[in-house]
Each structure stands twice: as C-alpha cells, then as structure tokens.
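Now for the letters of each chain:
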Amino acid sequence: MDRLTQIGKETRAWACYDCGKCTANCPIARAGAPFSPRRQVLSTNLDHREAIESNGSLGICLTCMKCDSSCPASVEYSKLVQKLREYTYREDNVGCPHGGALQSTMRMMAAGKTVQNRMDWITDDIRITSDESEVFYWTGCTMYLDAFFDELGVHSLNGTRAAISILNQHGITPIVSPSERCCGHDLLWGGDRKSFDLLAKHNVELVESSKASILVVSCAECLRTWKIDYAPYFSQRPPEILHISEFINARNNDLSFKENGDARIVTYQDPCRLGRHLEIYDAPRSVLGLLPGIELAEMHQSGKRAVCCAGSTWTNCDRYSKAIQVGRLKEAKATGASTLVTCCPKCQVHLKCAMNDPNLKEDIEIEIKDLAELVVEALD
Amino acid sequence: MTSEQVKTKDAVTPRKSKRRWTPNIIVFACNWCSYAGADTAGVTRIEHQPHFRIIRVMCSGRIQPAFVLKAFERGADGVLVSGCHFGDCHYIFGNERAVEQFERTQRMVKLLGIEDGRLRLEWISAAEGARFAEVINEFTDQIRDLGPGPFSSRRAGSNNGKP
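Chains as they are written, first to last, in the working numbering: chain A, 1 to 380; chain B, 1 to 163.
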C-alpha cells in the first residue's frame, strides 16, 4: 500500500462523500483564500501527490479542526494535513513570515547542544524548586516569544508567572526545570517528525525522572502535545496532565478572592488547541465564574464554533490570516468587553500583531490577558 | 566579485590543514558599505584571516533573526552582521532597522545559550578596507578562542554526520 493510501486510511479520508461542509466551515476559505479542505481530501483519495503539493494550501491550513468538528463522515482533516506535511516535508520549505527563525530555534533546542538561559524571568515573589515536588509546572516557550515579539508588546511571561503564583497560593512549590525544551508542537505540525521525536524523548524523560505526579501546563499547544502527541513516548504511567484552569477547578477551595473585585466585562477566546483539539471548553469559563466582579460576555462564535487566531503553527501568515484576526477582534469588541482572555500565548502574539494596523486601531484594540493573570489580580 | 576573482581568491587561500581547526564564520554585509569595504580591503591588498564567507544583502536592515539563527543552526562558529554607519545608510534608515533586528537576534541567541562572543554587529563603510580587515582578524581570533560553535559538526562528540 503506498503512503498516501495509508494516510487516507489512518485519517478516514476515504469516508469523505464530497459534501463540502469542511470548506464551507473553513475560516481561511471563508476569508477568500484559494484553499479547500475538500479538494485536499479528494487529492489524497485520488493519489494526486502533485496536486497536494502544488496548490500550496498545505501550509495555509490552520489545523484548527473547525472542519473536523463539522464533518458528517468524521474525516480527521487536521490529522490528515499533519501527515501530509510530514509526507511532503522539506526543511527549506518554510512558509513562515519570520523566515524560519522560530523553526531554527526549535531545531536547535531539539539538537540540545547548548545550556539554555531560560530562567531569567523568575521574580522574587514566586517560589519554584528544581528538586522534588508533587507538581511539575511546564512553562512552554513564553520567554522566547516575549524576546522575539518584544516590539508587538507581547507579555506572555506574565501569564507564566501568574500560573506559578496560583500554584504557590495552593501551597505548592512546583518544579520548573531549566532543562525544559520546546514541546515541538510547531515542528510536528510543520512536518518535521525527526526533530519532534528528539524533543519528545527529552521532555518525557525530564518529567518522568522528576517523579512529579501532576503536570500543570498553561499553554494550549503544549497541553495538546503532552496529552495526545507525547502519549506513546511514556515508558511508565504518565503523570496527571492538567491545564491550569482544570487545576484551579479541582482545588478552588484553596484560593481566597477579594470580596468585591472591580466590575468589568471580559470575553474569552477559545484557543483551537484547548477547545476543539482537547474539548476543554468549560474549565476556563468556570474559573472566570469564580472571579468576583467579572462578567463573561461570549462572542458570537464561541466554544466549539470559536475562530482561531489564524497562525497556529508558524506555517502561514497572509492577508487572509489578517482578515480572520481583524474579524475576531471586532467580534470581541462587539461584546462590550474591556479584556480579551485567552489561554494560549500564540493567540496573544497573533492578535496583538493584528492590532498594529494604524487604520483600524480604535475598531480592534482590546486588552489581551492570560486567564492566570486575571485570577492573580482577583486574589486576596 | 566575478567568478574569476572567486577562483583566484580560492587559489590563494591556504588549504585547511587536517589537524588544526579553523573557524567557520558567516559575515552578512550590506551591498553599499560593508561589502564594498571588504572589496576595498582586497583591492588595497590588506592581509587578513580568510576563514569566513560573505553573504551580501542589499541592506543590513534585511538581516532578520532568521538568517543568523539559521547560520548557527547549520553549524556556523560565529556570525558577523555589518552595515553602513549611522547617517550613511543608502536607504536612509535601514541600519536603524538592523539594530532592532540585531537586538532581537541577540535576545534569542542568549536564551538559546550560545555564547555572546559568537555574534557581533559592526559598521564598516566602503572606504574602510583597513577597518574591515581589523574587524575580521579580531573576530576570527575571538572565535578561535571560543572554539567550535555549539552546533558545529566539528565539535567533539557531535553526531552531525560530516567529519
């Protein structure tokens, strides 16, 4: 059996009956891009390798799973794209507008020949340990994102610090390891299986050897990678892997909030990795519900129907992504919210970037915060 | 540089001895100043160490973090970014952009744990052939002291493939 047929089988592409709901639901196709998930599925089924590569649409796909969730035949389209990217992978083929800087960074981490300086952001008010603890806190690459996207005013490290101080409030001093490496999410979804493999082995070994029983993760993409993509790499029973919002919900009795917080309206952006990939919709919302004075106003498209930030794997950025981002920010503004809450640093990067447009400044400018930051602000 | 010039340059470059390690340096030079500066150094026959490759770009403002990071990823031992002096940029403010990009690159390089000394920014004008030679000599010596880069295939214990 040739590889394409096999990919078709693994992702149920063969079950496609050509209804076109995927393309109708696709945020990129809606924004007007010459891109069609349906055509991609058909090309796979018809064994047209050339058609798959030539229309350039493999890189455009956000893998946001909006099509998966609407497919009546349960074709796993995002998985199909991931496998096709792996199948057609060439290292020099970088669609990323950052010229592949982030891919290079991730691959250097995968090679692991240096000792990273990734702990400079730790402030005195948070407690961490490097020895033993019940909880391992996974920081993700927020320090790299803040360093690289400094000019956009991205402060994703605030969310990381806030998550650690939430853990501290629960009386936990989490392990934060200086030898943590990128989770490899973007390499995997960009088709670079070899580097992903190296990262996965290193990270899984790191967490297993720490003997922590709970792994707490803030970043939606890291969480997806840990919960789903790392599963085959564990040699023993994996620790309990929780999103910070799931952790707070499980133990909310330990937090004491201010009696009456400032009344304000916020809205919540479901990251595609947390929402459709992992089906965690309620946990962040119930955390917002715990906070005094905060009222959640849902956007028109939320939960399962939420639109992604249009840049999930550093493979695409074009006018269509911009159109999606602007549309999403306008939706957020229309709720009357003063703050847009999210759980993914990449949502922050991409939405902040879209806000740089001087012509649309007032229409789309909104404060973006990580969920953990909001929780820490409300703490007594 | 014409192909004949490249050939003659290669011919005079001493063959790498098998025992002694020589650094592999990437120099990004802007078309209008630094590249011309290197040319001046050549035309005036100033001697300098030859262990670098020049990549010419139209303006130093083009030198994104990706260029430098990729160079390190592929095994460069040092990277020199060079452009016109402030106020002399052919595109008015290109070198100001270069500084911004360079600072971003520096932050990433620091996080990754690559030594500071492997990355350098210099302004060299078209007339400063001697300055070009001086910078190259200084930087090459510095890299020689630091030894092979972290991702270099010639580093001990490396499994990058080529010897």
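FYI, nobody ran anything at the bench for these hints, they're computed from the structure.
Check before you lean on any hint, since a few could be wrong.
Simulated crosslink set (SDA-like; lysine to any residue; CA at most 20 Å straight-line) [to be verified]:
id, chain 1, residue 1, chain 2, residue 2
1, A, Lys113, B, Asp145
2, A, Lys79, A, Thr23
3, B, Lys110, A, Thr23
4, B, Lys110, A, Lys9
5, A, Lys113, B, Glu115
6, B, Lys110, A, Ser179
7, A, Lys194, B, Asp116
8, B, Lys110, A, Glu151
9, B, Lys110, A, Gly112
10, A, Lys9, A, Leu46
11, B, Lys110, A, Leu46
12, A, Lys113, B, Ser153
13, A, Lys113, B, Arg74
14, B, Lys110, A, Thr114
15, A, Lys194, B, Arg74
16, A, Lys113, B, Pro148
17, B, Lys110, A, Asp120
18, A, Lys113, B, Thr44
19, A, Lys194, B, Ser153
20, A, Lys113, B, Lys110
21, B, Lys110, A, Ala111
**Asked** Failing hints, ascending?
**Response** 3, 4, 7, 11 and 18
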